[in-house]
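J.: So you can see what is in the structure, the chains are spelled out below.
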Amino acid sequence: MLEVRWHGRGGQGVVTSSQLLALSAIKEGKYAIHIPEFGPERRGAPVRAYTRIDDKVIDIRSSVLNPDIVVVIDPGLVKYREMITDGLKKGGKVIYNIPDPSKAEVFEGFETYVVDAYHIALEVIKRPIYNTAMLGALIGVAKIVSLDTVYDALIERFGEKIGKLNIEAVKRGYEEVKKIG
Amino acid sequence: MADDLKTWRELPVAMIVDQPGNTVEVETGTWRALRPVLDPSKCIKCLICWVYCPDLAIERLEDDSVKINYYYCKGCGICAEECPTKAIQMVEEGV
Amino acid sequence: MGFIRRLNDIPREEYFAPGHAFCAGCGITSIIRMVLKAYEGPKIIVNATGCMEVASTLYPRTAWKVPWIHSAFENAAATAAGIEAAFKILNRKYGYNKKVHVIAFGGDGGTFDIGIQALSGALERGHNFTYICYDNEAYMNTGIQRSGATPMGAATTTSPAGRVIPGKPQGKKDLVFIAAFHKIPYVATLNPAFMQDMYNKLVKASQIEGPKFLHYYTPCPTGWRFDTSHSIKIARLAVQTRFFPLYEIERGKLRITVDIKKPKPLEEYLKLQGRFRHLLDPKNKHIVDALKEEIERNWQRLKMLSQLDFIY
Amino acid sequence: MEVKVERQIRTGLNGDEAVAYAAYHADVDVIAAYPITPQTIIVERLSEFVHDGLLDAEFIPVESEHSALSAVVGAAASGVRTFTATASQGLALMYEILYIASSLRLPIVMALADRALSALINIHCSHDDAYAARDSGWIEFFAENVQEAYDLVIAAFRVAEDKNISFPAIVNLDGFILSHSIEPLYIYEGQDVVREFLPRREPIVKLDPDKPVTIGALALQNYYIELKRAQAEAFEATPPYIRKILREYSEFSGRKYDFIKKYMIDDADIGFLVLGSTAGTMRHVVRKWREKGRKVGLISLTLYRPFPVDDLRDAVKGLKKLVIMDRSYSFGSPYAQLYMDVAATLYDEPEKPDLINVIYGLGGRDFNEYTAEEMWEKINRPGVKKIWVGVRGD
Numbered sequence: 001m002l003e004v005r006w007h008g009r010g011g012q013g014v015v016t017s018s019q020l021l022a023l024s025a026i027k028e029g030k031y032a033i034h035i036p037e038f039g040p041e042r043r044g045a046p047v048r049a050y051t052r053i054d055d056k057v058i059d060i061r062s063s064v065l066n067p068d069i070v071v072v073i074d075p076g077l078v079k080y081r082e083m084i085t086d087g088l089k090k091g092g093k094v095i096y097n098i099p100d101p102s103k104a105e106v107f108e109g110f111e112t113y114v115v116d117a118y119h120i121a122l123e124v125i126k127r128p129i130y131n132t133a134m135l136g137a138l139i140g141v142a143k144i145v146s147l148d149t150v151y152d153a154l155i156e157r158f159g160e161k162i163g164k165l166n167i168e169a170v171k172r173g174y175e176e177v178k179k180i181g
Numbered sequence: 182m183a184d185d186l187k188t189w190r191e192l193p194v195a196m197i198v199d200q201p202g203n204t205v206e207v208e209t210g211t212w213r214a215l216r217p218v219l220d221p222s223k224c225i226k227c228l229i230c231w232v233y234c235p236d237l238a239i240e241r242l243e244d245d246s247v248k249i250n251y252y253y254c255k256g257c258g259i260c261a262e263e264c265p266t267k268a269i270q271m272v273e274e275g276v
Numbered sequence: 277m278g279f280i281r282r283l284n285d286i287p288r289e290e291y292f293a294p295g296h297a298f299c300a301g302c303g304i305t306s307i308i309r310m311v312l313k314a315y316e317g318p319k320i321i322v323n324a325t326g327c328m329e330v331a332s333t334l335y336p337r338t339a340w341k342v343p344w345i346h347s348a349f350e351n352a353a354a355t356a357a358g359i360e361a362a363f364k365i366l367n368r369k370y371g372y373n374k375k376v377h378v379i380a381f382g383g384d385g386g387t388f389d390i391g392i393q394a395l396s397g398a399l400e401r402g403h404n405f406t407y408i409c410y411d412n413e414a415y416m417n418t419g420i421q422r423s424g425a426t427p428m429g430a431a432t433t434t435s436p437a438g439r440v441i442p443g444k445p446q447g448k449k450d451l452v453f454i455a456a457f458h459k460i461p462y463v464a465t466l467n468p469a470f471m472q473d474m475y476n477k478l479v480k481a482s483q484i485e486g487p488k489f490l491h492y493y494t495p496c497p498t499g500w501r502f503d504t505s506h507s508i509k510i511a512r513l514a515v516q517t518r519f520f521p522l523y524e525i526e527r528g529k530l531r532i533t534v535d536i537k538k539p540k541p542l543e544e545y546l547k548l549q550g551r552f553r554h555l556l557d558p559k560n561k562h563i564v565d566a567l568k569e570e571i572e573r574n575w576q577r578l579k580m581l582s583q584l585d586f587i588y
Numbered sequence: 589m590e591v592k593v594e595r596q597i598r599t600g601l602n603g604d605e606a607v608a609y610a611a612y613h614a615d616v617d618v619i620a621a622y623p624i625t626p627q628t629i630i631v632e633r634l635s636e637f638v639h640d641g642l643l644d645a646e647f648i649p650v651e652s653e654h655s656a657l658s659a660v661v662g663a664a665a666s667g668v669r670t671f672t673a674t675a676s677q678g679l680a681l682m683y684e685i686l687y688i689a690s691s692l693r694l695p696i697v698m699a700l701a702d703r704a705l706s707a708l709i710n711i712h713c714s715h716d717d718a719y720a721a722r723d724s725g726w727i728e729f730f731a732e733n734v735q736e737a738y739d740l741v742i743a744a745f746r747v748a749e750d751k752n753i754s755f756p757a758i759v760n761l762d763g764f765i766l767s768h769s770i771e772p773l774y775i776y777e778g779q780d781v782v783r784e785f786l787p788r789r790e791p792i793v794k795l796d797p798d799k800p801v802t803i804g805a806l807a808l809q810n811y812y813i814e815l816k817r818a819q820a821e822a823f824e825a826t827p828p829y830i831r832k833i834l835r836e837y838s839e840f841s842g843r844k845y846d847f848i849k850k851y852m853i854d855d856a857d858i859g860f861l862v863l864g865s866t867a868g869t870m871r872h873v874v875r876k877w878r879e880k881g882r883k884v885g886l887i888s889l890t891l892y893r894p895f896p897v898d899d900l901r902d903a904v905k906g907l908k909k910l911v912i913m914d915r916s917y918s919f920g921s922p923y924a925q926l927y928m929d930v931a932a933t934l935y936d937e938p939e940k941p942d943l944i945n946v947i948y949g950l951g952g953r954d955f956n957e958y959t960a961e962e963m964w965e966k967i968n969r970p971g972v973k974k975i976w977v978g979v980r981g982d
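Residue numbers (our numbering), protein chains in the order written: chain A, 1 to 181; chain B, 182 to 276; chain C, 277 to 588; chain D, 589 to 982.
This is chain A alone, in the form it adopts within the complex:
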């Protein structure tokens, strides 16, 4: 079973990226659960979501405490290093969004990946919604589902026009994500 934890802020599509990942896995015949963590937050406040993916039926429905991968959608959250690595499995992966990858820092003890989803979103979607670029980066790193499946899910979710922009964002996230440590 692969477990992913998503960090971001309300309004950045944290829940949507987890949903899209789960739906894509389901499309490919896998078992998956998307779990949003709704607290008292509103737009702008930190938000989490969890995705579990397996080839077998998934019984467990608690939140993900020991993720294999943590995806940080909001670039401003990277500084909360304890929160990001909390419970992350030994040797697990951190993938984070950074507007200036030259300043990227490694999370010691974890495989660290970065992508400039910030600029991808602003260039492609014209709005600071980084989730789909980060979804692309996650798939680039972990190859959980095929890009084509994600593209289908995006079109279903957003329709042709917005869907295509997001496909572009996913594609660029997939191609531009880099391992730094």
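Treat the hints with caution; some may be incorrect.
Within a straight-line C-alpha distance of at most 35 Å, the following computed DSBU-like cross-link-like pairs (lysine-lysine) qualify [stated by the list, open to error]:
#1 LYS164/A x LYS79/A
#2 LYS56/A x LYS799/D
#3 LYS799/D x LYS369/C
#4 LYS799/D x LYS313/C
The hints are simulated quantities; they were obtained by calculation from the structure and are not laboratory data.
Chain A is already provided as a structure; the job is to place chains B, C and D on it using the hints.
T.: For chains B, C and D alone, coordinates are given in the frame of chain A:
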């Protein structure tokens, strides 16, 4: 009321009453202290008493003349009060 | 049959049985009987908890000869909304080919107070039904407690004619206008003493699509403390003193249906009823004056509004 | 599990969407509902189905939950198929009408996205609302996952509307944990498929101008107790019919449904009894504990009302200890709600396990492997009867 009290096994489903208008069997005339008495010779068939009787105790006949049904009449006196020709008088029930 | 010119035109057929348990002299049965006659064709009655429900359906008996349902106190309008929706579906989806009138009855407690939310919701949503408030101006079924419909000064068991506070200090809310300003197609006031006016309003309401709200004045010998024979006389005085004006608002156009050019003195109305007796004490003259002022303002308001082409 | 996939589509939906699809596929006629988290998605989706012309139903967007249930009472009494959904405070506002719907034998189906009752206000899962309905004469199902939420809503219509049953039914799904989580599930291709299992409702009583009846009269000392006795008898007679329908549904869907589910219980020393989504988490935990040599097993209830007395008595045979997990608390009662049902169920048994009551997960507090381990440690302390887990300070 001399209703036979039924056991729970005999009651209709869903607590309904399935005999519409079955209060018709209930005698409410026993409530009465005063008794309306109609003088048919004064009746002008205006139907005011029929319209206003709360107890449906005024029977409207074919020709719109009326008849008092004492089985239901509770003796409120509206008919006597409203009758434009004073064709109905209230008298003591016991007399 | 439709509209009537005289009482003899009212249909003979009764859809409500005698043997019910209403108080002697109660005004409620008039509205039941006339509604069931004036609304021609199939109909379903919804009843809020209250005198009407209790006195007409003491298990295992019922005075109703038409389909009837009671659920709770505050939800007659919501229950009616569900029935109306169900019959729309029965017509549209399952080929049921009858047009069914859905008519809800609630007392003033069930309408002015606890049921106003459900009523407002149902009027706003535009269900095709009639809501009739039978207003005896207090919670009579529980033993005469004040409601939002109790008039100023009236004594009830929770607004007694005390030494310091003589009766209900507050006035009556104007539910007819509250209902009307949901911008529904028809509202009207009804009084049994003006039977032709009342009956013809019922016929008219039965022919209008959409929500209808009817406010029926029902004299209550028990709660108002008057001789049972005076029921209709008091109802008549309520109109003649302009205490209860008769009017209708049809698609926003207000019309006074029984004009009272020379009103009778209010005292004639008050003196017949025990609930107002303390008001005739000279020390409570200010309350009678306040009542009179309210009645006058209300009448003038109706007069002015009746001059307009529409008020909503 | 073997799944019969004919005329079913594998897709991913959250629990609320699954419930909305179930009501849609059941070809419901009248829906009245009021938005409340975490149930809101259900009414949103159903509104979309109606506004897009996919579902030929009347959707009544009422002004309160009290009116929601009142309106479906009116509609159900008119003979059509009815649905509503709510949670927590909404159920509390409906409370008065719950009893009326059952007494009048109206087969309303309600989805309850279980949520804690105020105060303080919380939007997450407790079973306070589900338990609040337990005495009201509604059949209550609990879904463990999104698939069950979908299936049980469809089955609940058949159950509620069955002429031998004719009682309203609630399908509980844990707020957020199921209502907002996306999972894979099979749904039918559409209404035509479901219609084969769920034909048009034939009411036992209805408001019919051609055959007038009085529904909801006043019953005083001379009749009320007889009426309740008759209602009680009718409710107690429902289990065989419910079981038959669940079996038929299992056949129809290819997914097995019964009153209770058992996992590794037959040779277990310690059993755990749960409702709702925690069954999944506990199954995962039991599997892991078995690997550690702990002789544990799991029972979860799909049917909560009427309480599956015989099934439970049978399932606990041979257990030394039964841990009853309540996601709620009953103030002033000796134990929490599920425990008391179980204690009463087992009281007359000659041999029965020791019972322990565990209170957990209130207001959405995560129940995970660590909480489970804490529970294990606490239940093995000597003399333990009632414990809280996952709470700071204990």
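J.: Confirm or reject each hint.
T.: Tested hints:
1. LYS164/A x LYS79/A: Since the Cα atoms of LYS164/A and LYS79/A sit roughly 32 Å apart, the hinted pair holds (cutoff 35 Å).
2. LYS56/A x LYS799/D: Roughly 56 Å between the alpha carbons, so the hint for LYS56/A and LYS799/D is violated.
3. LYS799/D x LYS369/C: holds, 21 Å
4. LYS799/D x LYS313/C: Satisfied, since the Cα-Cα distance of roughly 18 Å is no more than 35 Å.
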